[in-house]
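Colleague: Using the working numbering, the letters of the sequence shown correspond one by one to residues 299 to 413.
If you are wondering where the hints come from, they were derived from the structure by calculation, not from laboratory data. Hints are supplied without guarantee of correctness; some may be wrong.
Result set (EDC-like, lysine to aspartate or glutamate): computed pairs, CA atoms no more than 20 Å apart in a straight line [unchecked claim]: (1) Lys379 <-> Glu343; (2) Lys402 <-> Asp390; (3) Lys389 <-> Glu343; (4) Lys300 <-> Glu380; (5) Lys389 <-> Glu339; (6) Lys379 <-> Glu302.
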Amino acid sequence: DKKEFVVFIIGASVNRPQELILGLFSKARRERLWSLSQMPEMIQELYRNPASGFLHAESFVDFPGFLLGRPTLMVQYWQSKEHLVEYSRAKDNHHYPAWLAFNKAARQLNDDGAF
299 DKKEFVVFII
309 GASVNRPQEL
319 ILGLFSKARR
329 ERLWSLSQMP
339 EMIQELYRNP
349 ASGFLHAESF
359 VDFPGFLLGR
369 PTLMVQYWQS
379 KEHLVEYSRA
389 KDNHHYPAWL
399 AFNKAARQLN
409 DDGAF
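Build out the structure end to end from the sequences listed, making use of the hints.
Modeller: Here it is, written out as C-alpha cells:
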C-alpha cells in the first residue's frame, strides 16, 4: 500500500554578505532577519498540530558558509499539496506574518535570494 506525499524544498542565500553585516540596522533588514528567524517556531507549530498535514522537515545549514553566500536548505514533507497551501495561507499561524515581512523587505532589498 503506497501513500502519496508532497516534498517542499525551500532555501535562502546571502548574495552580498558584506551588505548584510553593514546594514543590520535598516528597517528592511530587520524585517527580513525577523522573518527568517521565524522558521524554527513555524516548524514547532507544525509538529504540535498533526492535523496540519505536516509530516517532517530536515534542515541543511552551513552557518559560516551561509554568511559567505552558500545556500541553506530545508526539505519539508507534507501529506498533500492542499495541506501545504492551507498552512501557507492561514492568517492565524506563524507563517503568514513572516511571509508578509519577508516579501515587504524583498521589495526593498536586492541582495539575498530565496528559492
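Colleague: Next step is simple, just say for each hint if it's right about the structure.
Modeller: Each hint tested on the structure:
no.: 1; hint: Lys379 <-> Glu343; result: holds (18 Å)
no.: 2; hint: Lys402 <-> Asp390; result: holds (19 Å)
no.: 3; hint: Lys389 <-> Glu343; result: holds (14 Å)
no.: 4; hint: Lys300 <-> Glu380; result: holds (19 Å)
no.: 5; hint: Lys389 <-> Glu339; result: holds (15 Å)
no.: 6; hint: Lys379 <-> Glu302; result: holds (10 Å)
Going down the numbered hints, you'll see the structure goes against none, and every one checks out.
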